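Enquirer: Build out the structure end to end from the sequences listed, making use of the hints.
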Amino acid sequence: MPIASTTVMNLVDTMASTLGQAMQLARTRLASTGSPILRLMIQRDHEVTESELLRRELEILRTGRENMPPQKRPDY
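No gaps in the numbering here: position 32 of the sequence shown is 32 in this note's numbering, and each next residue is one more.
Bear in mind the hints are in silico, worked out from the structure with no lab data behind them. Keep in mind that this is a model prediction, so the values were computed, not measured. One or more of the hints may lead you astray.
So the derived label-pair ranges between C-beta atoms look like this [as the list claims (entries may be wrong)]:
{"no.": "1", "residue 1": "Ala4", "residue 2": "Ala31", "range": "36 to 44 Å"}
{"no.": "2", "residue 1": "Ala4", "residue 2": "Leu40", "range": "45 to 53 Å"}
{"no.": "3", "residue 1": "Leu61", "residue 2": "Asn10", "range": "35 to 43 Å"}
{"no.": "4", "residue 1": "Pro70", "residue 2": "Asn10", "range": "16 to 24 Å"}
{"no.": "5", "residue 1": "Pro36", "residue 2": "Pro74", "range": "30 to 38 Å"}
{"no.": "6", "residue 1": "Ile60", "residue 2": "Leu30", "range": "24 to 32 Å"}
Where a beta carbon is used, it is the ideal one built from N, C-alpha and C, also for glycine.
Expert: The structure is reproduced here in structure tokens:
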């Protein structure tokens, strides 16, 4: 991979990590608010995010299993 491409990828990774941390901090602050409606919205957002991550993980695992030769696939 060329140096410029590696630098750009490192920059993008750093920016994504920073944005993720900022979102987590905002969620934490909102979750500790006194408003029950805001707490419910944060809880819903958390559940939707977890659901999406699990869906993506399952998609990755299924794709990996489908790409295996049939004789090497686990029996479950």
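Enquirer: Provide an ascending list of the numbers of those earlier hints which the structure does not satisfy.
Expert: The structure conflicts with hints 3, 4 and 5, although it agrees with all the remaining ones.
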